[in-house]
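Visitor: Protein chains in written order, with the UniProt record's numbering: chain A, 1 to 211; chain B, 1 to 197.
For the record, the hints were derived by calculation from the structure and aren't laboratory data. None of these values were measured; they are calculated from a predicted model. Quick reminder that beta carbons are idealized off the backbone N, C-alpha and C, glycines included. Incorrect hints may appear among the rest.
Under the rule of at most 27 Å between Cα atoms (straight-line distance), these lysine-lysine pairs were calculated in the DSSO-like manner [claimed, not checked]: (1) K108(B) - K7(A); (2) K42(B) - K50(A); (3) K125(B) - K129(A).
Facing chain B, according to a computed beta carbon distance under 8 Å, are these residues of chain A, among others [unchecked claim]: (4) K36; (5) A41; (6) T43; (7) T46; (8) I48; (9) D49; (10) V52; (11) D83.
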Amino acid sequence: MANRTDKEAYTIHGTNPQNLVEYIVRNKIYQTVYWKESCFALTAETLIDKAVDLKAAGGTYGGQDKPTNFMCLILKMLQIQPDKEIIIEYIRNEDFKYVRLLGAFYMRLVGRPLEVYQYLEPLYNDYRKIRVMTKEGKYMVSHVDELVDAMLNKDHLFDIALPRIPTRYALEKTGQLDKRVSVLDEEFDEAMLEQETGTAAERAAQARRHC
Amino acid sequence: MQGPEEKEAEKDGETALDIRKRKRLERDPLHQGLIVQRSHLKGREYQIDLAARLGKTQVVGVNMPLNQQAGYYCSVCDCILRDSQSYLDHINGKWHNRALGMTMRVEKSTVDQVRKRLEENKKKKEEKNDDDYLPDGIDRRILEAEQAEERAQEEKRTRKLEKKQKERQQREEEETEGADADMMAVMGFGGFGTTKK
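Sequences and hints are given; from them, build the entire structure.
Guide: Written as structure tokens, this is what we have:
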């Protein structure tokens with residue numbers, strides 16, 4: 001059937017990848033017109049065309065908990081299971097932020113903890129605005145880095161229970177991950193240096209006055 | 001749909017299910033030997049218009065051919081679906097796509113294809129010039145539509161004016177034609193102007 005997972009798909013976390021989306025949400029997605037009309041027979045390639053047209057990210061919304069188009073495409077990706085390289089290509093592209101978010105969210109659902117940190121953390125440097133559909137059916141402004149942070153630290157996002165990953169701290173302790181270097185560190189250090197030189201000069205001036 | 005099938009079943013001793021199965025096989029190009037292998041599932045290239053027959057009046061009878069009955073008609077499988085949801089389910093379904101010679105599996109796309117598609121989309125995005133989008137977010141099409149409406153109104157106005165002018169001319173002609181000039185001269189008046197001087 002049109003909703004069946006690809007025959008050659010690997011199991012994810014021990015089950016059918018589509019099971020990552022909860023049963024109720026999944027069935028609601030299967031019933032949407034967007035799924036039946038636009039998501040039919042999508043490949044990882046043609047999915048890009050649909051993802052480019054996305055207007056918002058989000059889980060379900062409204063009184064009937066209608067799934068967003070973003071959610072439909074996530075389920076589609078779980079169904080066709082694109083290769084890891086393709087997902088990395090999605091994440092790496094800089095022109096389309098919703099394609100990037102799709103890739104990142106899929107990576108968070110499917111990837112191993114180390115991969116998740118490896119591919120998602122660079123997105124902390126992407127400050128672009130994102131529209132998020134809230135539960136009440138209203139739009140909310142968010143940013144790519146904000147959502148990536150939520151993906152890495154929260155248990156639930158977009159009505160999906162995220163698979164558990166060890167915290168960054170734990171991975172650092174076992175030596176699997178290096179300490180994260182923020183691009184802001186440099187700026188911060190410079191600011192600190194400036195402040196220090198400033199205080200040093202002041203102190204010197206004070207000392208001169210005393211003499 | 002059930003009616004004629006049941007009648008057929010009585011004739012041949014086949015159940016309705018058997019008939020349905022037989023017809024499915026008849027439609028399947030692989031089973032008919034027309035193709036060697038089913039192709040990958042491909043998406044529809046056309047947009048489905050679910051509201052095509054909305055608001056239309058139609059005479060519906062039980063004994064009419066299926067494509068004239070109420071609902072959505074699938075010409076591939078020669079069947080009728082009563083609502084849009086079941087129609088969509090049908091055209092996404094296994095039997096329909098088998099009749100089109102396709103399996104239910106999509107092609108695995110490669111990284112290169114994905115890269116190329118992303119490039120294409122980028123180009124398309126860049127090609128969209130700024131005229132398409134006015135700063136306050138109004139699509140150019142809205143502007144064009146407004147202009148077209150204005151033009152239509154202008155045309156209407158000119159047509160009205162022309163019509164009026166034509167009518168006036170006709171009336172004048174009728175007036176002059178209706179009375180014979182010679183006769184009028186004989187009767188002592190040349191027109192409807194005043195004779196006072």
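Visitor: Hint by hint, say whether it matches the structure.
Guide: Right, here's what the structure says about each hint:
1. K108(B) - K7(A): This hinted pair holds, its Cα atoms lying about 12 Å apart.
2. K42(B) - K50(A): Holds, at roughly 15 Å.
3. K125(B) - K129(A): Holds. K125(B) to K129(A) sits at ~18 Å (cutoff 27 Å).
4. K36: Hint on K36(A): holds, closest Cβ of chain B at ~4 Å, below 8 Å.
5. A41: With a closest approach of 4 Å, the A41(A) hint holds.
6. T43: holds (4 Å)
7. T46: At 6 Å from the nearest chain B Cβ, T46(A) passes the 8 Å test, so the hint holds.
8. I48: Holds - the Cβ of I48(A) comes within 8 Å of chain B, reaching about 5 Å at its closest.
9. D49: holds (7 Å)
10. V52: holds (5 Å)
11. D83: Interface hint status for D83(A): holds (7 Å vs cutoff 8 Å).
Comparing the model with each numbered hint stated earlier shows that all of them hold.
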